[in-house]
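Could you put the whole structure together from the sequences, leaning on the hints where they help?
4 protein chains.
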Amino acid sequence: MKAAAGPGLELRSVPDPTPAADEVVIRVKATSLCGTDSHIYQWDDWARSRIRPPRILGHEMYGEIVETGRSVTAFKVGDLIAAESHVTCGKCFQCRTGNAHVCKNYTILGIDRDGSFAEYVSLPEKVCWRTSPEIPPELACLQEPLGNSVHTVLTEDVTGHTVLVTGCGPTGLFAIAVARTAGAALIVATDVSEYRLELARKVGATAALPAQADVPGRILDLTDGEGVDDAFEMSGHPSAVHLCFRCVKNAGRVALFGIPNREVPLDLANEIIFKGLRIYGITGRRIFDTWYRLGGLFQAGLDIRPVVTHTLPLEEFRTGFELIHSGQCGKVVLIP
Amino acid sequence: MKAAAGPGLELRSVPDPTPAADEVVIRVKATSLCGTDSHIYQWDDWARSRIRPPRILGHEMYGEIVETGRSVTAFKVGDLIAAESHVTCGKCFQCRTGNAHVCKNYTILGIDRDGSFAEYVSLPEKVCWRTSPEIPPELACLQEPLGNSVHTVLTEDVTGHTVLVTGCGPTGLFAIAVARTAGAALIVATDVSEYRLELARKVGATAALPAQADVPGRILDLTDGEGVDDAFEMSGHPSAVHLCFRCVKNAGRVALFGIPNREVPLDLANEIIFKGLRIYGITGRRIFDTWYRLGGLFQAGLDIRPVVTHTLPLEEFRTGFELIHSGQCGKVVLIP
Amino acid sequence: MKAAAGPGLELRSVPDPTPAADEVVIRVKATSLCGTDSHIYQWDDWARSRIRPPRILGHEMYGEIVETGRSVTAFKVGDLIAAESHVTCGKCFQCRTGNAHVCKNYTILGIDRDGSFAEYVSLPEKVCWRTSPEIPPELACLQEPLGNSVHTVLTEDVTGHTVLVTGCGPTGLFAIAVARTAGAALIVATDVSEYRLELARKVGATAALPAQADVPGRILDLTDGEGVDDAFEMSGHPSAVHLCFRCVKNAGRVALFGIPNREVPLDLANEIIFKGLRIYGITGRRIFDTWYRLGGLFQAGLDIRPVVTHTLPLEEFRTGFELIHSGQCGKVVLIP
Amino acid sequence: MKAAAGPGLELRSVPDPTPAADEVVIRVKATSLCGTDSHIYQWDDWARSRIRPPRILGHEMYGEIVETGRSVTAFKVGDLIAAESHVTCGKCFQCRTGNAHVCKNYTILGIDRDGSFAEYVSLPEKVCWRTSPEIPPELACLQEPLGNSVHTVLTEDVTGHTVLVTGCGPTGLFAIAVARTAGAALIVATDVSEYRLELARKVGATAALPAQADVPGRILDLTDGEGVDDAFEMSGHPSAVHLCFRCVKNAGRVALFGIPNREVPLDLANEIIFKGLRIYGITGRRIFDTWYRLGGLFQAGLDIRPVVTHTLPLEEFRTGFELIHSGQCGKVVLIP
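As they're listed, the protein sequences go chains A, B, C and D.
Just so you know, we're using our numbering here: the first sequence kicks off at 1 and counts up by one.
Just so you know, we're using our numbering here: the second sequence kicks off at 337 and counts up by one.
Just so you know, we're using our numbering here: the third sequence kicks off at 673 and counts up by one.
Just so you know, we're using our numbering here: the fourth sequence kicks off at 1009 and counts up by one.
It is worth saying that the hints were derived from the structure and are not from the lab.
These figures come from a predicted structure and were not determined experimentally.
It is possible that some hints are incorrect.
[Claimed, not checked] Where chain B lies over chain A, by a calculated footprint (3+ residues, C-beta under 8 angstroms):
{"hint": "1", "region": "160-166"}
{"hint": "2", "region": "182-189"}
{"hint": "3", "region": "285-297"}
[As the list claims (entries may be wrong)] With a cut-off of at most 27 angstroms between alpha-carbon atoms, the simulated DSS-like pairs for lysine-lysine come out as follows:
{"hint": "4", "chain 1": "A", "residue 1": "LYS91", "chain 2": "C", "residue 2": "LYS874"}
{"hint": "5", "chain 1": "D", "residue 1": "LYS1084", "chain 2": "B", "residue 2": "LYS427"}
{"hint": "6", "chain 1": "B", "residue 1": "LYS412", "chain 2": "D", "residue 2": "LYS1084"}
Even for Gly, the Cβ is constructed at its ideal location relative to N, Cα and C.
This is how it looks when you write it as structure tokens:
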């Protein structure tokens, strides 16, 4: 947990949680590290402004229900559960019109309330997602970040389409795997790291190119001069944003998921308007549309196993954060 | 060719066609038999009312351009070509708004003008579809009927969805293969013929059930009691139409492609309205959206080879029609 | 209230309701009669199988909150409220994916729980819809049935479209008014009753035609031979269902809301498949998408006042049911 | 015509055009000035790089067919015609999939071929749009720029929605009028010019605000703190682009039509991604979907008359360009 303001985390004994009436207590079987956790670990400006210690981090998780609050009806002890990490208000315009993923009042597991880097966590019934026992814990805990990629890729059809994915961190790799399972015709992936490009090939990229290569040229070669139907920006790098707009064909689609850390100057006329593009800003998962799609993708054979490069006991969390810092990893999963 | 009114076809020597200004002449490399051809062969009521002999049949085809009319610009001699069989007017409301597949004035290759059961056929440039040389002729000629199935399945998303396909004739088999490539979670197929159910398993059905089985019950078992997301009716049997409406979940989708030969009494309240369904009537292929998707599906690994159960020389067309009549076949391809 | 099994209703003194924790008590200011209420009043087969007396009817309502349960947060005493009459479970597939209007477990106000033909009614917070004080009570109570029509008409775009509405009962009249406000180019309406056709003209029909007229011919005249873009079936008459399929153009849309009381034999090939139609089964209102649209339509100038032909004190409910039975009315509103 | 490179235009006698086989000759009854024409008149950098004199300008027009080429079938002498100004290739991916408005090879009337600032103009049959004689010439010639606004506003539903329009030049004014006819709940318009804001009020803006006002604050007041559902950027000003992203609600829509003359630095995270927006780049008109919608909007009562502030004889074109330069005008129509 983040015991006090400042860098680092500590492992502490805390009382086991008791569930509120509409909550369940879950014994955590697997939980994974996210870039957000890394920001909090390092205690950067964003973390300082957002987190109020003490706080148990962790929002990517999977476990088994061990206790249910008295008004819980949809779940029972023994159910295997992953969690939607956004606890939405249910009462705003967005929640009332099928857009709870951009709820105006949501709180986040592991940031605004105690999360899953723990043996037990208490969650509202309404964020629980029943998970097939056929999915092993180290993959089941990845459904939350995987859902970001499912949301991104499936904002429109991708079947039979040519695709560009910029950024081969975990969400980029997931996007490649989803596009592959959904029957994309061609998947071009880019990253600055050869380590990550190699992972991209393993999850199904047709061509994994270093960002410094002539990506537009290669894409024209691979698409009979057309450009790609869809581009998914998963890196947050300004140059990757431009690359997406440049490589997508007229009337194509760009979905933006990666978060740039500064403003990106866009030539709106040539990058967007004259091309007649559709652009989607993506955050979180459609609740629970994305989760159902995700469950179906696993049944269809989605294979994200190559993305999990490291599995560690919970107490070795420091090693996990070091791996993330190094960039020489895909997903790091912790087992409490 | 259908030389005169009456059952049967004859093989005749005819002058090689010369192209009009906007046409190309194609040397046919492969052409396949369709149920429509079988109706004309048998000279049933519909054929009598529609066909004016002499007429060369055949609308599912693939070949190589050997001559181009003088105003042709998009294709050249040597190009490998399949054909959209609907020659649309280009000037009606539907053609002008992206719905040329339901053009009010279209004519059909092999019905309203001479078709592909021949060594050479002349076609308007605008129905030509350039085909990758990597697709072998006996599959390349199937793109027209395959397009019907692509159109049916991809009217909406199918990725991660549970699916019912009723009817495992060629278009049903194609629908299964397309849904499999597009990442469907579960594909239940039904037919009255065990021969065809076996083909269904080969192209990717999760469960291939005889029509007389308790299909609704099996579907509830396989979908946690939900029913399927999407149902594709490819048989034209009234009982299959009812099965689709019964097995699809509330807010689901039904696409109707099979042509019933009589009226189907529907309980609109319980089969459609209270379930809040979306229903699509499907005819032909979106021009050329469906063709592009189809090309992409081949790149994504679509495998329709098991559907081609028989390949014959053109002169053995009678054997082909007998096979279709027997029901003990998938697609029958003729090689001129 | 329906005090006992059998025809008719009685006015009885009952204790004022007390709200559960998540409920509000509303003083009813206006409530309107629906065809469903008429079935229950007459105690037909459907009513006998569904209603368990004693039961207070009424599900179209408007009033003011006078008391709130202790966990209510989104509403307060004094708020002006209409009610979504479907109390949905919130936990099924449909509820979790933005399709709560076809929830598998919903209960209905005035049928499964006591309704609004009363001075006070207690409702769950989650079905409450805050209503602008600028809308007078006799219109505000109509939002529930109006929502059915908004849902029907706005399943797709209607702006600039030519439209057919079959059936000019209240939901048909509402559909006309909605299409008018949404900028339909042409609205043809049909009914068997001249009384209702006159109301259709008042709410904005371009042409209101008796059902026995040559409606297809008139529509071809009015649409340059094209047929209409969209057809809305609001009557439940089999002949009107056929009329919709016949008059809509190729690639058009048909939305079915009216409930036929028997099976309708459809020529699927010619009525749906060869035309390439999209068909929507409509029930209830999208929760709360439809309500927000409805609020916006009032701001845009939607005028449904001509539909309210009679306003009566609650105790004259028998007169109201006689009016409905006679067919010589639009909506009948009761004021408690 | 632009007789030679350099500022200004001249009126010259030229031979009347003769139509190619697929063309019609039109006697121009009205033609209007566009910002593009003004750039060419002033001979700015863009004009210098794009226009090769001699060239007759003019692409917004209406007239009567006086002669038809020999292969023309859909139109005849006497037909009243407006023109889609983009002459598309018909053979590229975009043209073949219903996206001809972003054809990769299109040429433009009055820029790449002689246009309508003339007594007669020859046009391909395929760009002709038959126009109702009920629309007067000075409005009928505006359908091309009006179509830009129809395309922008109707990329999605606008009925019952709250709307922001930034920029009240002609296309902004048209967007307001279209949103009004389509049943928008609330239309907030902004511009720097009080003259144009007054026009905005005339065509249906609910609130017309100077750009320097607290527009976000006013919008929150007018929308119960929600922000608008849809924002239409019609000005090209970077500050207006930011205003659209700021004022639209989470899960809302932004359509960008105005062309900025420099790069716009965007905070993608807060302006687009975290809000879960959908963004459309808009150019030209969907061919011919937009034109059909536009025809229907006129039938529905669309009133764009206040936008035409000046009607001049063709020979007074210099006055027209001066008016445009001054900003004290809406649309300027020339009558040959």
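Here is what the structure says about each hint:
no., hint, result
1, 160-166, "holds (count 3)"
2, 182-189, "holds (count 5)"
3, 285-297, "holds (count 6)"
4, A:LYS91 / C:LYS874, "37 angstroms, violated"
5, D:LYS1084 / B:LYS427, "14 angstroms, holds"
6, B:LYS412 / D:LYS1084, "34 angstroms, violated"
Consistency note: the structure conflicts with the earlier hints numbered 4, 6.
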